[in-house]
Amino acid sequence: MRTHIISTGGTIEGLDYENLNQKQTTTVAIDDILSNARVALKYTIEKILNKDSRFINDDDRELIAEKIKSNDSDKILLTHGTITMVETAQFLGRLALNKIIVLTGAFILGTKKNTDAPFNLGFALSALQILEPGVYIAMNGAIFNWDNVKKNNQNNRFETI
Numbered sequence: 001m002r003t004h005i006i007s008t009g010g011t012i013e014g015l016d017y018e019n020l021n022q023k024q025t026t027t028v029a030i031d032d033i034l035s036n037a038r039v040a041l042k043y044t045i046e047k048i049l050n051k052d053s054r055f056i057n058d059d060d061r062e063l064i065a066e067k068i069k070s071n072d073s074d075k076i077l078l079t080h081g082t083i084t085m086v087e088t089a090q091f092l093g094r095l096a097l098n099k100i101i102v103l104t105g106a107f108i109l110g111t112k113k114n115t116d117a118p119f120n121l122g123f124a125l126s127a128l129q130i131l132e133p134g135v136y137i138a139m140n141g142a143i144f145n146w147d148n149v150k151k152n153n154q155n156n157r158f159e160t161i
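In this text, residue positions in the sequence shown follow our numbering: the first is 1, and each later residue adds one.
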């Protein structure tokens, strides 16, 4: 079965939020990253938001949940900004959707030479192939369960609680 990728914006797509008053457009396409990596698995991509995750709210999370519920794939990859990634994972985890849902993003802008975006995207896709149904965060080589993860803002990484 194919993997369904839902995109919400964020640093992984090259959105730079230093100037919050400036309108941003996506500069990095998830499909381009996967194409350049020669990803062979079947996938579809659906862009539903183009937001800095600081501004993702429960209405947006309801939209994400509805998109997941209505999709026939049991493997969902959600690209999401890191600032509120944990909150979205917890929201989805409490719904017990009986699908494999992996959230990923980037700490370094997707347009930067040293970005972690391609690695995190590939790592998350790999995680989808081996995980049991549930909600996870896959970042920088580690996988976290939705109910046992926090973001360490000082060190800019995710950690087990």
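Misleading hints may appear alongside valid ones.
Stated by the list, open to error - Pair ranges (Cβ atoms, derived):
# : residue 1 : residue 2 : range
1 : ASN98     : ILE48     : 34 to 44 angstroms
2 : ASN155    : LYS69     : 13 to 23 angstroms
3 : ASN36     : ALA142    : 37 to 47 angstroms
4 : SER126    : ARG157    : 15 to 25 angstroms
5 : ASN153    : ASP72     : 21 to 31 angstroms
6 : ASN152    : ALA40     : 32 to 42 angstroms
What the hints assert, rightly or not - Cut-off 27 angstroms, straight-line C-alpha distance, at most; resulting in silico cross-link-like pairs (DSSO-like, lysine-lysine):
#  : residue 1 : residue 2
7  : LYS67     : LYS51
8  : LYS69     : LYS150
9  : LYS51     : LYS99
10 : LYS99     : LYS113
11 : LYS150    : LYS47
12 : LYS47     : LYS113
Note that these hints are calculated values from the structure, not bench results.
The model shown is predicted, which means the values in this text are computed figures rather than measured ones.
Quick reminder that beta carbons are idealized off the backbone N, C-alpha and C, glycines included.
Are any of the numbered hints broken by this structure? If so, which, sorted upward?
Hints 1, 2, 3, 5 and 10 are the ones this structure does not satisfy, whereas the remaining hints hold.
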